[in-house]
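So the sequence lines, in the order shown, correspond to chains H and B. For the record, in the first sequence the residue sitting at position 401 is 394 according to this note's numbering, with numbers rising by one throughout. For the record, in the second sequence the residue sitting at position 218 is 432 according to this note's numbering, with numbers rising by one throughout.
By construction, these hints were calculated from the structure, which means they are not laboratory data. Some hints here could point you the wrong way.
[Unchecked claim] Below, simulated SDA-like cross-link-like pairs (lysine to any residue); rule was C-alpha separation at most 25 Å, straight line:
| hint | chain 1 | residue 1 | chain 2 | residue 2 |
| --- | --- | --- | --- | --- |
| 1 | B | 388 | H | 288 |
| 2 | B | 388 | B | 441 |
| 3 | B | 441 | H | 20 |
| 4 | B | 441 | H | 341 |
| 5 | H | 361 | H | 341 |
| 6 | B | 388 | H | 289 |
| 7 | B | 388 | B | 425 |
| 8 | B | 441 | H | 288 |
| 9 | B | 441 | B | 504 |
| 10 | B | 388 | H | 273 |
Each chain is listed here by its residues.
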Amino acid sequence: MNSKAVTPDMGRFGSFGGRYVPETLVAALDELDSAYSAAGRDPAFHEELQALLRDFVGRPTPLYRARRLEEAAGGGPIYLKREDLNHTGAHKINNTMGQALLARRMGKRRVIAETGAGQHGVATATACALFDLECVIYMGDEDVERQGLNVYRMELLGAEVRAVSAGTRTLKDATNEAIRDWVTNVTDTHYIIGSVVGPDPFPRIVRDFQAVIGRETREQIQTLEGRLPGVVVACVGGGSNAMGIFHAFVEDPGVDLVGVEAAGEGVASGRHSASLSEGRPGVLHGALSYLLQDEDGQVAPAHSVSAGLDYPGVGPEHAFLMEAGRARYVSVTDHEALGAFHRLSRLEGIIPALETAHALAFVLAEGKELAEHGPVVVSLSGRGDKDVAHVAGIERAGARE
Amino acid sequence: MTGPNEMLFGLQEKSSVPDPRPSSTPTAPLSADTGKIAVAFRRCAEEGRAALVPYICAGYRSREETLELLVAAADAGADVLELGVPFSDPLADGPTIQRASYEALRAGMTVRGVLDLLRAFREERETPVVIFTYLNPILRFGADEFLQAAREAGAQGLLVTDLPAGADPELEGKIRSEALDPILLVAPTTAPGRVEEVSRGGRGFLYYISRTGVTGSRSALRESLAKEVEEVRRRSTLPVAVGFGISSPEQAELVAQWADGVVVGSALVEELDRGGVADAAKFLGALRGAMDRRHAPG
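Sequences are here, hints too, so could you generate the full structure?
This is the structure we're talking about:
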């Protein structure tokens, strides 16, 4: 495909993206844009980030061949890109380290973030502890309940967690509240957005900081297999781990890029988070992308068993890749994801995050067919320790019924 | 800004001489209706007072009550009305207008419902109306269809909170050519050079946000506000109305000395909660009275 089309023009990916924000934020986005460009040209910035990723985060992460998973899926080689082995247990920290460095460059002493599952909140709190920045995390109070462990981790790291009781009380409303905070405190505060969503330049900043996942994978698979993968699979809520691993392969038309959304209780039930499969173009949180919405343009509540995918929007670059036919997007139910959560634990001794379990469920179901295209790589975006109490609760409730 | 014309906080009132600057720069064929907002502001300037611009969330408490409130506001001396389309994710709004939006949606208000309300209001009064909305409901309605429907329902202006000047030239062009006045916002964070650009893209009036933050009443205005308003007025070819946080007759009186208009939203919702349309109208009357109080030149 034409690589130029992927380069955002005025913050757009095709017709998607843009900067649909209150006027108060325009100056801050301009400031961030120029700080990011300057950082990109500064070798010292790259060196510092690289050293942090190596010594603090633990990169590169392994590309691990999961032989028992292969057998169970009934096909050829399946590799897991082990983002769960990053410090703090997920890919989120790749982005927060980069953005915390940007905050410091801009002289902003206060950082805010939204979080769903709590992984981005923990990764932000971690970066803020390291750089001695004041840190406030917004989290829907439904998520505060289902991700109690991560709430305590954030507090332990010195962050203040503010529970949001407005609207759907999940990631969408935590994001609204973070944006309101940013509008109010914009002069001394940097908003570390957690996914490839939001107004330009956020989707490309987050993608660029996450692109290390795909760069490493590309090198590793060529060493291990002597060729590129046939398929790359990743779960998609906002879509940052997916964009991170896809980016290095977008120019390779032979590599099938598959994003797995959350079908919740089934897309027919209306209780799901499959924005790309079931939504239509709309504007939320500053960007034009696919969006779950009703006939009147009101944002529809999303649902997923996994708090990190429970979001009615999706990153604009995914909308672009889908419409351009460069990536395809499928969906997996809560039930199937819970099944994969158990299977990977038993098969490989790896407890995946519930978000990641969506990508694994797809590979388990379609593994044989996928393997025909060549090696399969799954972005193992996070570890599942945070989900253990939540899943145990669901299963206890299920057993009582 | 310094110099002989420097305005000291709250001591000097703005010139009440009619502003010779063109307050509307037509770029498309305009119907006889366009310019009604400009006319309203010009009339205020001629009378040496500031325009009162209440924000009313469509469908809050009930459709009937919104219609009553619109009429009462017009009768209490509103010069221009802002009619708000409720949205599920009002991220530029504070708790009061968020709550009004959610309740209006729960009570069944829709974009079509807002246009119906406006049509009903037009049977009663001629006060110019600005539709105040987030972008997504009008995108879903269909931008072209919405602009035409809004025009036909009797709107004169359109303010889209999450469409800052320059964000979507195609859509902004459509709004201008649909003979609705684009009401654009300037914030304390807006770069000085950009104020002129924003002003050029708007018509009717320019909306100055009194502080960084979301909507909602505050007990105090920022000390630098008078100077900021003066600076924006100097750079703008349009009259400048000030909103966000103005919640008492005293504050309205003060702001009316610097600005061409005063926008009141959250405080009006709070009055509506306290005592219904009657109290809300009384509150607007008090604002009107305070704003029209004559001040000896400083």
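Cross-check of the supplied hints:
no., hint, verdict
1, B/388 with H/288, "holds, 22 Å"
2, B/388 with B/441, "violated, 34 Å"
3, B/441 with H/20, "holds, 20 Å"
4, B/441 with H/341, "violated, 66 Å"
5, H/361 with H/341, "holds, 18 Å"
6, B/388 with H/289, "holds, 21 Å"
7, B/388 with B/425, "violated, 30 Å"
8, B/441 with H/288, "violated, 45 Å"
9, B/441 with B/504, "holds, 21 Å"
10, B/388 with H/273, "holds, 22 Å"
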